[in-house]
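Since chain A is already given, all that's left is putting chain B on it; use the hints.
Protein sequences, first through last, are from chains A and B. Take any residue in the first sequence, note its place counting from 1, add 69, and you have its number in this note's numbering. Take any residue in the second sequence, note its place counting from 1, add 1416, and you have its number in this note's numbering.
One thing to keep in mind: the hints can contain errors.
What follows is a set of in silico ranges between Cβ atoms, one per label pair, in the way DEER data are often shown [unchecked claim]:
1. A:ARG336 x B:GLY1459: 38 to 46 Å
2. B:GLY1701 x A:LEU232: 35 to 43 Å
3. B:PRO1430 x A:LEU194: 50 to 58 Å
4. A:ARG336 x B:ASP1482: 48 to 56 Å
5. B:LYS1540 x A:PHE252: 16 to 24 Å
6. B:ASP1501 x A:VAL269: 41 to 49 Å
7. A:LEU232 x B:GLY1459: 19 to 27 Å
8. B:ASP1487 x A:VAL269: 53 to 61 Å
9. A:THR217 x B:ASN1706: 56 to 64 Å
10. B:MET1417 x A:ARG336: 45 to 53 Å
Source of the hints: derived by calculation from the structure; they are not laboratory data. All residues carry an ideal CB built from backbone N, CA and C; glycine is no exception.
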Amino acid sequence: MGRFIFRRTLVALGVALTVSIISFLLLHLSGDLATAIAGPDATAAEIARIRVQFGLDQPMIVQFYHWFTDVLQLDFGQSYYYQSSVLSLIADRLALLVAVIGQAMPSFWFGLALIILFAVQLQWLPAAGHEGWQSFILPAIALGYYATPAMMRLTRAGMLEVLESDYIRTARAKGLRTPTVIFKHALRNAIIPVVALAAVELGFMLGGSVVIESVFSLQGLGQLAWDSISRNDFPVVQAVVLIIALFYIALTLLSDILNAMLDPRLRVG
Amino acid sequence: MALLDIRNLRVDLPVETGTLHAVRGIDLSVERGEMLCIVGESGCGKSMTSLAIMGLLPRRAQVRADSLTFDGIDLTAISERRRSDLRGARMAMMFQEPMTALNPAWTLGNQLIEALRRHRRVSKRQARERAVELLERVGITAAAERLSQYPHQLSGGLRQRVMIAMALMCGPDLIVADEPTTALDVTIQAQILRLIRELQQEMGTAVIFITHDLGVVARIADRVAVMYAGEVVESAPVEALYARPGHPYTRGLLECIPAPGRTAPGSRLQAIDGVVPSLVGELEGCAFRNRCPRAEPCCAQTPPFASLEAAHRARCHFAATVATVATDSREALCS
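Chain A extracted, bound-state conformation (with noise of 0.2 Å):
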């Protein structure tokens, strides 16, 4: 167990490594920084100045080197909009965004309906902004209600299946109790596909966050995103691009783990 728990963390470590390059790239390959930055209107002189400034000048390999071991520090360097450090812009922001992480899944349909019935109707929760944890709650459900049925349908298909197998019949004959036969022997099998679609919800809600932010209207990663694409703010879309990113490989190392705890058999390199 503990070996594959580590080399799973290698194959891990190497996906974030590659991801981090692929989140440089895409921002560097989408143009030329220096002139977005300067806007329209700059001057070729404006622009060479910023080109010096940022570092935009000097090779690709020195630019993702240096840009590489500052994250590797928690520095991704300043937001050309805030004028603040990416770091702390991230930090507030990912509280909430763990808070709304909860539960997601993108329907803006669905956050206005809840909007309207709760918070407009009944006036029993607050429609938008953060302020204390009745805020979240309205975003959670929203986030949360599409992910759910998938996952009580898989766990109830793998129940059927299992229910019918060999092993609960000799769990049967044993004498066993139903409460064992079904928690012990049956649900413990079944649950493995479900770990795997967790992992990927879980994903998804990242992307979906984004939606429901702007929904709900708070100032959570998913916007802040949004916004830096709009003001070319590139070191904070790179920093949110990987840290999403980061999570993503998280989670779903996380979910090998927790299969191969579940099941034996699926504990190879």
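Same frame as chain A, now just chain B:
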């Protein structure tokens, strides 16, 4: 009194086209310490009978019996909870598929220990000791280390040995073994058979051994019940069955088995022509008559379960005549 007494057991299953009468009124009894083999081809109702005894039939199956008594307990009258108290403790089961009959997600130790701790107030440590002792007894080396292994780390033969140990955890009075050697290699099969027979004699456990293989029956049975189309067509002590089979079906089965010295090299193997009648709906008369070489018009009448000699009965109008032709199949099969 017999340990297990079954009178007129019927098992019906609803199917699309009507009701499938999987078991059509059978009588069986098993004495303490006896090895009863139930033999028959696929679909003859032998597995359904074993599951009905254990109370493990699917919920849609309907079970009726004039009597289904285990050590004086009327199994048809007690609750499922009381039934589950007996299962694993006083009556245990071994299954055909060692590859799938163990839970892949739990260690062998866990699965062995829970079989004992469900029924007996013992510590985990004591249960563990019992598991090691039984694994050693069924011929598994490094038994203590095996406890932390998972089923997929073992071969089929080893898994079947674990299944045997699991059935023995509580020291049951009766073991129902449903084709426990069918899925194994022939060499392993012989070892497992010998082991089951040894343990049965050593522990005085009664065993109902379900198989389609008359070669297996010849080696281990005390008594045999031959099933065909949901009925017991012949029941006899093992010597009598092989020496003087009283039912044409039994005789046909015996002739199908090639035996050294009896089957000439290069000759065609015998087979019973025709197919088993459908068990959906009612069956009139002898169920075997459409395949029987000696069928007569009277076979449309249900034959009596005729007594041939002490404890030897056959469900055939001509049982007495059929049984006069002696065979030497048991010696041939056991050699």
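Hints versus structure:
1. About 40 Å separates the C-beta atoms of ARG336 (chain A) and GLY1459 (chain B), a value consistent with the hinted range of 38 to 46 Å.
2. For GLY1701 (chain B) paired with LEU232 (chain A), a C-beta distance near 40 Å keeps the hint of 35 to 43 Å intact.
3. The hinted range of 50 to 58 Å is satisfied by PRO1430 (chain B) and LEU194 (chain A), whose Cβ atoms lie roughly 52 Å apart.
4. Hint check: ARG336 (chain A) to ASP1482 (chain B), Cβ distance near 53 Å, so the stated range 48 to 56 Å holds.
5. The hint said 16 to 24 Å for the Cβ distance between LYS1540 (chain B) and PHE252 (chain A), and at roughly 19 Å that hint holds.
6. The given range of 41 to 49 Å is respected by ASP1501 (chain B) and VAL269 (chain A), whose C-beta atoms sit roughly 44 Å from each other.
7. Against the hinted window of 19 to 27 Å, the Cβ-Cβ separation of LEU232 (chain A) and GLY1459 (chain B) comes to about 24 Å, which satisfies the hint.
8. For the hinted restraint 53 to 61 Å between ASP1487 (chain B) and VAL269 (chain A), the CB-CB distance of approximately 54 Å keeps it satisfied.
9. The hint said 56 to 64 Å for the Cβ distance between THR217 (chain A) and ASN1706 (chain B), and at roughly 57 Å that hint holds.
10. One distance hint, 45 to 53 Å for the beta-carbon pair MET1417 (chain B) and ARG336 (chain A), holds here, with the actual separation near 52 Å.
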